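With the hints as your guide, set chain Z onto chain C.
Residue numbers (my numbering), protein chains in the order written: chain C, 272 to 547; chain Z, 43 to 387.
These are calculated hints, taken from the structure and not from any lab test.
Bear in mind that the values here come from a model prediction, so they are computed numbers and not experimental data.
Careful: at least some of the hints might be erroneous.
Stated by the list, open to error - Just the calculated beta-carbon pair ranges, DEER-fashion:
hint: 1; chain 1: C; residue 1: 402; chain 2: Z; residue 2: 327; range: 19 to 27 Å
hint: 2; chain 1: C; residue 1: 407; chain 2: Z; residue 2: 59; range: 16 to 24 Å
hint: 3; chain 1: C; residue 1: 406; chain 2: Z; residue 2: 372; range: 30 to 38 Å
Positions of the beta carbon are idealized from the N, C-alpha and C atoms, including for glycine.
Letter by letter, the chains look like this.
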Amino acid sequence: MNRLSAENVTLAYDQRVIAEQLSVEIPDNSFTVIVGPNACGKSTLLRALSRMLKPSAGRVLLDGQVIQSMPAKKVARTLGLLPQSSIAPDGITVGDLVARGRYPHQGLLRQWSAEDERVVRESMARTRVGELAERYVDELSGGQRQRVWIAMALAQQTPLLLLDEPTTYLDIQHQIDVLDLCADLHEEQGRTLVAVLHDLNHAARYATHLVALREGRVIAQGAPKDIVTAGLVEEVFGLRCQVIDDPATGTPLVVPAARTARTGGKGRQTGTAGTS
Amino acid sequence: MKSNRAVRLPGGLSFRLDVRALTVVVGLLAAALAASVVLIGTGDFPMSAADVLRTLAGEGNAGQELIVNELRLPRVLVGLLVGASLGLGGALFQSVSRNPLGSPDVLGLGQGATAGALTVIVVFSGTAGQVALGALAGGLLTGFVIYVLAWKRGVHGYRLVLVGIGVSAVVTAVNGYLLTKSDIVDAARAVVWMTGSLSGRDWDQVWPLLALCAVLVPLVLAHSGALRMMEMGDDVAYALGVRVERVRLVLMLSAVLLTASATAAAGPVSFVALTAPQLARRLTRAPGPNLVAAVCMGAALLVTADWISQRAFGADQLPVGVVTGVLGGVYLLWLLVTERRAGRI
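Only chain C is shown next, with the shape it has when bound in the complex (with noise of 0.2 Å):
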């Protein structure tokens, strides 16, 4: 059995019900990415995971307890979260922040160990933030803050680690090195990850595991290879494209078809694909 599973739930924001009756499993020791279009329940599903967002219907399971039930602070010394959004404090500085992941191993009188500093120090080397450490968060390039929030997410020692859209405005190079962190991550440390994704193609070729949703619904999961199809992309995406081989590294690569292929000849269609 899965560490981490959805089991029939559904999920509302107040009247507005996004997914019903969804079943999700992740495996363990995976890098799951969770894609889809817009509005598709990606996040909210992840929200679900995380213990953010209370199934109206079913359960989330974390070890076999309902997610809901457990300790809070025992949630967070087993499944970490990067959620989209986040704020720095004004003034902290890089080496306060990261620190403060430690949260969840720390009480009224276990304040601050050697083990939480060698922690944090050690997260923060495997994100490459080190030399930062006294710099001031504000100062920081969108990839460098990118990277301290996954170094305080990495200090909380989670087996298991969510990343809601963790490359979301940042540009391309940037992005590939948050992935590039996150397989390390996975392949190095033997950590479960799950991540939502916007871009396709980065998800085929990070993820050992995709879930495909579209409408609160699981349309296609298992490995990239065995379910990335041009008829996937276009029941998930309402998108119609040609599946090649990633010449670099041999997983799924959509190719959108040409604007006259999709639109029958006529070429004036406007609005944009994907978020049908």
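Leaving out everything else, chain Z in the frame of chain C:
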């Protein structure tokens, strides 16, 4: 990180000391106590600091004992407690709303307490004790209204501030109406109450405030680690194992209680809740809510302001709220100008 020292004891105990913050706290405490001694010695019957200390130790003569223990000490203690409560309440509000303007002065808690007090003064011509109860009720009710209107699905800094300003405007209008309906004696009493004053405060005000602080200050400090995590956003705090909703409810309730009871004891002393946490933070230069430093800063600020007002204008001539208002207003302007230069507002 530089000023943080780790203290590790055998048995796995470890503590974190921010040397600078600790120095600031000790310094502010010393300043507050020194100002208190000077304040006790100030008045129509001046006493030297040595005399004050001797009398406090129980070795003064009968006249000195009466003046110190019955008249001036309770007033100073009320000042310290009100300042500390306002400093802590303000720090909590600012930290939870992640906005320096999210303090009780701006949010209309002071005005709400004033409305309660005015109602008792104008409509019922109540006693001082009843006025205090009215103020407490008014403050709590305003806090509740703001909570209901602003808290839906978590606080967003500006939403809280805007709701607070709206509530504040409504309550100010109510206060204006109550004043116009009052006769001249009640109106004079109301105006003195509204500027915030420590004159005539005695042990009856000290005990309830002291009891409340004795409960709430440790409760709040026990949650300060969680509050520190919440400054990074609700999502991050959840991920780190903070029960965000519960912590926020406990802390906001404490902040409203602290502010409302401080206002009930001394009137709406302006700007202490806004400025004390900001000044404390600039002295400690530490990120985070800086709760202890804000408590000490509030106490020191209020007692110093009371001393200035007595010193410059004679006993009971000028309510302490006027001095804190001037000090706080000037400080706020300075803050806004420098923040603007730093490009943050």
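How the hints compare with the structure:
1. Checked against the hint of 19 to 27 Å, the C-beta distance between residue 402 of chain C and residue 327 of chain Z comes to roughly 22 Å, which is consistent with it.
2. A hinted range of 16 to 24 Å holds for the C-beta pair residue 407 of chain C and residue 59 of chain Z, which are about 22 Å apart.
3. The hint said 30 to 38 Å for the Cβ distance between residue 406 of chain C and residue 372 of chain Z, and at roughly 33 Å that hint holds.
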